[in-house]
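Number of protein chains: 2
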Amino acid sequence: MLKIALAQMEVRAGQPDINLEKMLKFIEDAKREESDMIVFPYMAVLSDIFDSTVINPSLSRDCESCNEDILKASEGITVLFSNFVDNLFFAAKNGKWIDSSDSYELFKIRMKGKRYKIVYTFENAEYIADLKFREKNPDFCVVFSSAPFVQCTTKGRDYHIGEHTKALGCPTIYVNCVGTQNKGKTIYPFDGNSTVYNSKGEIVLRGKSFEESLLLFDLGTVDSMPPIVEPEEPEIAEVYRALHGGLKHFLSQIGMKKMVIGISGGIDSAVDAALYTKVLGAENVLLVNMPSVYNSATTKGLSEQLAKNLGCNYMVVPIQESVDYTVRQLESTPVTYLADGSTHNIELSSFVRENIQARDRSSRVLAALAASFGGGFTCNANKAETTIGYATMYGDCAGVVSALADLWKYQVYDLARYLNDTVYGREVIPQGIIDIVPSAELSTAQNVDEGKGDPLKYPYHDYLFRAFVENEDQVTPEEILQWYADGKLEENIGCEKGLVKKYFANAEEFINDLERWWNQFTGIAVAKRIQAPPIIAVTAHAFGSDYFEAQGCTYYSRAYKALKAKLLEGTK
Amino acid sequence: MLKIALAQMEVRAGQPDINLEKMLKFIEDAKREESDMIVFPYMAVLSDIFDSTVINPSLSRDCESCNEDILKASEGITVLFSNFVDNLFFAAKNGKWIDSSDSYELFKIRMKGKRYKIVYTFENAEYIADLKFREKNPDFCVVFSSAPFVQCTTKGRDYHIGEHTKALGCPTIYVNCVGTQNKGKTIYPFDGNSTVYNSKGEIVLRGKSFEESLLLFDLGTVDSMPPIVEPEEPEIAEVYRALHGGLKHFLSQIGMKKMVIGISGGIDSAVDAALYTKVLGAENVLLVNMPSVYNSATTKGLSEQLAKNLGCNYMVVPIQESVDYTVRQLESTPVTYLADGSTHNIELSSFVRENIQARDRSSRVLAALAASFGGGFTCNANKAETTIGYATMYGDCAGVVSALADLWKYQVYDLARYLNDTVYGREVIPQGIIDIVPSAELSTAQNVDEGKGDPLKYPYHDYLFRAFVENEDQVTPEEILQWYADGKLEENIGCEKGLVKKYFANAEEFINDLERWWNQFTGIAVAKRIQAPPIIAVTAHAFGSDYFEAQGCTYYSRAYKALKAKLLEGTK
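As you go down the protein sequences, you meet chains B and L in turn.
The working numbering puts the first sequence at residues 1 to 572.
The working numbering puts the second sequence at residues 1 to 572.
Hint data in this document are derived by calculation from the structure and do not stem from the laboratory.
Identical copies look the same in the list; a pair holds intra-copy or inter-copy alike.
20 Å max Cα-Cα, derived SDA-like pairs, lysine to any residue:
{"id": "1", "residue 1": "Lys528", "residue 2": "Gly255"}
{"id": "2", "residue 1": "Lys308", "residue 2": "Gln431"}
{"id": "3", "residue 1": "Lys300", "residue 2": "Thr336"}
{"id": "4", "residue 1": "Lys3", "residue 2": "Asp29"}
Computed from a predicted model, the values in this text were never measured in an experiment.
Could you put the whole structure together from the sequences, leaning on the hints where they help?
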């Protein structure tokens, strides 16, 4: 009978005061539950901090002070934790440090009259304990973790730890934090999913993902507990939990309780509306529809229906008068060239007029409303748009945070269906929004009632862009064009068969499309991403702080140019 | 007689095609000048690339192809260069690779009937050649460099290389590139300043800073050339050249030839106007004054005077009507809470109204004008404002690039005087702009004619913020408050004596001010910097890609809180 408590706690980055308070509360709870031992996630006192500017001598001293407080709190219990002090690992019992390590990563401790040999390791789930410890016959293994969520990590983690645990031949306790950490432009949710594995490496206990909890179990019964069979679920379920948990913790961390969302009647803003309403509550969400003359009755109606379904705050702020005023004012104000006194007038192209609409919505309306409503406003961009910068700076690519910018368009649709079917259990996102052609409705060329919309053919471009951004082999136009020439493109990028032929009549059309987007991806889109809001990361390839890119580096290789010349020659 | 050419070339990041063409041209020029040898900067083919997304198999293959082209071009000359291939260093002569290295960093080559022993090293000016090579009696040393400018580097470099060269006992050839490289949010100018040091470590030849040039010299005469005595100049001179060179190369790299600048009659926008006019030419600069009812006749007049002095394009676009429209529209449009059908109206605070003005200027007027004028618009923020986020998102902290955001306010004034006195040699920035109180003129509380302005007391806050940002010891409120208590604050942060007493009547006032700005620096200002434009870096502590920071990490240490309590106790 050894009662162990796993403290799956939210760790606040760089905040030892808040984390200590939380740890002391968890210790109290564990004592109340008569636990013999409590284990905390990796770096629970400080967090596995991403912000190097925070680390300074005064902070280090505070981390040391926290150790003393935890030591005092260990009266009547054994506390295992790690801290940003000395050797990172600490074990306290009855107000005393236990220092009986045979070696780094193996220590012995007497609890309830028995001496336990414990193997421990930090963080990285891929190498848990060294298998040489098998000879020492450890009683159990502890993995102190601080592991951000990326899609499918839990499965990978279970596999690795499971295999190691089996080889080690004793139960493993994996304890991970929840919450978020951010590197400025990228926000990483931490999934928790703390787990107890039996000696065969099977899962016998699991903490809820993205929620704090104190997991209790008896070490003696681990190998007789039935393995947990987790229900099959679609991939998007895990992504939903990551976005929900990530937003909840991040917004709480920056003290933001309310959110304004511009809703267009399109899919991205609708999904954001449903997501934020779950995170913040309908009373804390203000949905704003901002029609111009180009917005159809269809999308205006769908926006209103969405707002009604969610029961949020709602308002309609038309932008046409303001846009017209801007166009009139700028075109009628003369520019004087003071070197010679000549004057001329500026002319606004249709492209400039489109961008004026987008900025009017975000920078004029939403930004002012957000401050007055007492919160921020969202950026609703998805990953396809973000990849090639199909968005207006200070317009639709503005906002406090981008919840969907690590999701391809097809994932946004998956998420819409998941929100309706599973999260809400009813049609909060009107089916019309799911069915309508994606369109920015910035001109008559994007008339949704005529089936016209964005220049992106998502069923193909989602996959082309995914090859640019997420392929470990760093795919460039050279590979894409070679695959096209070899007839292997659809297979290699993973899109539906037949699309290339459907969308492009010949090599010239294909190449024009490829170069258009590659130029944007490595050109203007980089400039836009530099000033874009932070993104909730759900993959290991999220744009932002860990995606290193520079302006002005668009490049086509010699082999690309040669193949292009050959293919274009062939079409003439 | 060994004629050596130093190719101080602009290296374009990740563009082997452009760089190769440039290298071949330099080789031709060197041959025309009858040089025996030409030396290129570090990684001249690819650049010492900052953008890891660019590096992929197809790029590597192109780098290898470039080697072959350079080899061919070496007919009649010896070419020393480095490339992103194999062992980085290459020597080609008469179409053949020279492979006679004794060891890494030492090789022999026969030129004009004599065998030369050459020591070489890469990039980092702090360790040039290993001094063990002294025993080998090298003929000269080559430092292949790709070193970004930060203030005072040239002096430090001269000292280090000079000392090493003296110890090595042979001349050193230091060759550096010009141009810029960017890491997304940070733009680093490369200063060139290629140098030939004689055997005593004295400078005998120097390339112009921030400009391409082919430097020619005869190795045999190096030790008999007179050492160069460079004229003393103010620190701001070097900063001006870095900003000028950085802007010129960066704008050319992203293909931007024209710029719109909002000018308020204040110092920051005036300095930017004078700077960009030098970089792009007056005909390519459009200055825009955008007054509201809060803008004084004084600043409107100063703006016009500035524009006249520079001879740029100029226009006045008043914003009051548009701002009034926005306030009226948003306050009169009802919000419906759809959960219960209740309605209410939003109220815009004076703070929100101030921000509406700032966004109206940048996101409504400047963004549209920039696109129509055929360029971008500038962000005129300085480092003090950037540190604590004294700027409006999508308002004055928007733009293509921030030229002044690595300069404290006092440096902006230094630069203004330098532009007038030295660069232009006449008063282009009206003295009135230099003399007026700094003010955003967003409300009656900032009336410049009554001497009212920004909440920042620059003569003190410039130095307080510099301690937060640029001090290697990572100064936090704990140290600041301790210095205040010890009466050593002014001395330790470097501001004028007597200011603390002048600005703060007691400890409470001092602490309120300190916490106000520390909260902003580590709070909302981080959110603003995440979405701010890229910054031209002139220090090693520029905000941006190399300044790692996260949102939600504001912290006060235990010692700070204790000292604060003690000091406040003392004042009661």
